[in-house]
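Using the hints, position chain B against chain A.
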Amino acid sequence: MAGIAVLVFREVLEAALIVSVVFAATRGVPGRARWIGAGIIVGVLGAVGVALSAELIANAAAGMGQELFNATVLFAAVVMIAWHAIWMATHGRQLAMQMQTIGSEVSVGQRPLAALLVVVALAVLREGSEIVLFLFAQTAGGSGVVDVAGGMALGIAGGCATGLALYLGLLRIPIRHFFTATNWLLLLLAAGMASQAARFLVQADLLPSLGPRLWDTSMVLSDRSLLGQTLHALIGYDAHPAGVQVLFYIVTGVLIAIGMRVWGKPGRGVPRTA
Amino acid sequence: MRIITITIIAIKHKNLENPVQFTAVSRSLAGLMFAFGLLLGATPVVAQETEVRIAIRDHKFEPAEVNVPAGQKIKLVIENQDATAEEFESYELNREKVVPPKGTVSVFVGPLKPGRYPFFGDFHKDSAKGVLIAR
Chain A
1 MAGIAVLVFR EVLEAALIVS VVFAATRGVP GRARWIGAGI IVGVLGAVGV
51 ALSAELIANA AAGMGQELFN ATVLFAAVVM IAWHAIWMAT HGRQLAMQMQ
101 TIGSEVSVGQ RPLAALLVVV ALAVLREGSE IVLFLFAQTA GGSGVVDVAG
151 GMALGIAGGC ATGLALYLGL LRIPIRHFFT ATNWLLLLLA AGMASQAARF
201 LVQADLLPSL GPRLWDTSMV LSDRSLLGQT LHALIGYDAH PAGVQVLFYI
251 VTGVLIAIGM RVWGKPGRGV PRTA
Chain B
1 MRIITITIIA IKHKNLENPV QFTAVSRSLA GLMFAFGLLL GATPVVAQET
51 EVRIAIRDHK FEPAEVNVPA GQKIKLVIEN QDATAEEFES YELNREKVVP
101 PKGTVSVFVG PLKPGRYPFF GDFHKDSAKG VLIAR
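Which chain is which? The protein sequence lines are A and B, in order.
Going by this note's numbering, the first sequence opens with residue 1, and the numbers climb by one from there.
Going by this note's numbering, the second sequence opens with residue 1, and the numbers climb by one from there.
Bound-form chain B, shown alone:
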């Protein structure tokens, strides 16, 4: 949020030739930021979550089938053991995140309804396929 605030100040200096109009615009932007700030500030503390680990080895997910409980927030911890980057992606889970070479990242999903949620590695689509099964 701080970066955005600085941007607004930068705009302010460039637009001094028309101060009346700027004030109006800046007020609306400030309102926008305030709304976002409220939402960010309102983040509740997480009560309950399940952690699941998935490895990427030779451009494949291990395990390729992951069972998770339905109705709970899940933290997917993805460890890339390959020397090349991968992108964890899923349309069903609505998630995408780059996993650097030899790196580990976390992605939060859910709470999920029971069902199958396929995911894939966008950089090695032919081999990197998996599915999250919520029950």
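Just chain A, with the same shape it has in the complex:
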């Protein structure tokens, strides 16, 4: 049971951390729980679908279907996060001001929640499909129902608890800095995803590695440690990244930062309802 719990925990953790950041970033939006809940449900259904078509995906694109699929999913999430982060840079200041003065959570105009629904769904789909495949293998390999169910329950509970802890931690950030903080978190999340996507494309030999191992910090913080995995999910930490991963990370981060700076100036993007 412990082995099952550990694997499930690791996968749930990654998705839960992403959901927590998204949940924090949508603070003050009415109906956000419904949107994010819908994202999770779509993601779980998608995960089962992906797991069932694992063979099809694996054999597609001359055996590199998995890499292309993962990279596409990650890039799609990057685009959605970029869109939201830039949108928030134009509206977040005002949102925070209203929340401060009125003291209640009000919404400023229409917010691109659909983009974040996609981000949540894709995160759950990616991590969830691995859990489903693993559980298929476990039950086929003769693991008992109690072991599988118990391991799953423990893993999911642990992963969700860690995500909740992150969310509660983020809520302690003072409100005037809150959306700036969540926006930077979203930027780093997107940069990390772009780096992961690049890694998949190197693995498939579709991108040059530009140095297979630019540096190695596994002695300081290993990818397999809990902190390493948490930082991997949140800000794309990689103990020994390929050069092209670092390039994708920087390019994505810089472009989003430019987007936020250029369109995030005060006075720009004031909603017409105000």
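Quick caveat, the hints were computed from the structure, so don't treat them as lab data.
Among these hints, one or two may not hold up.
As the list claims (entries may be wrong) - EDC-like, lysine to aspartate or glutamate: derived pairs with alpha carbons at most 16 Å apart:
| # | chain 1 | residue 1 | chain 2 | residue 2 |
| --- | --- | --- | --- | --- |
| 1 | B | K75 | A | D205 |
| 2 | B | K129 | B | E92 |
| 3 | B | K60 | B | E92 |
| 4 | B | K75 | B | E89 |
| 5 | B | K73 | A | D205 |
| 6 | B | K102 | B | D58 |
| 7 | B | K129 | B | E51 |
| 8 | B | K129 | B | E65 |
| 9 | B | K102 | B | E87 |
| 10 | B | K102 | A | E55 |
| 11 | B | K113 | A | E55 |
| 12 | B | K129 | B | E62 |
Structure of chain B alone, referenced to chain A:
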């Protein structure tokens, strides 16, 4: 890349209420995609690579110790002879890939510096262990 382009078009239609701001956002996204496109287009043709075959049988790697040349790109061809899925994973090689039941997948690694690079089957960690030795 095509899927991402379609996504951007989908965003465009939803966001018509604020066209000025959208154009700006879309331009930045287009820039992002352009950068990725440039990188993808710049992929050079592979000059030299070594192919190594590894089998998975009864949730074990065969051979469990694989010798490969250092300083070369290596194509690992992993054949799963079991009836259950496995995930080939390695922290040292920075790789992970699902190997379907009775399926064969390829994973590119390296060029590696001389040394030991452990790998494992994430779905059967207790038995599926191996190491790539680059020299």
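We went through each hint and held it up to the structure:
no.	hint	verdict
1	B:K75 <-> A:D205	holds, 9 Å
2	B:K129 <-> B:E92	holds, 13 Å
3	B:K60 <-> B:E92	violated, 19 Å
4	B:K75 <-> B:E89	holds, 15 Å
5	B:K73 <-> A:D205	holds, 10 Å
6	B:K102 <-> B:D58	holds, 12 Å
7	B:K129 <-> B:E51	violated, 20 Å
8	B:K129 <-> B:E65	holds, 9 Å
9	B:K102 <-> B:E87	holds, 13 Å
10	B:K102 <-> A:E55	holds, 9 Å
11	B:K113 <-> A:E55	violated, 33 Å
12	B:K129 <-> B:E62	holds, 10 Å
Of the numbered hints listed earlier, those contradicted by the structure are 3, 7 and 11.
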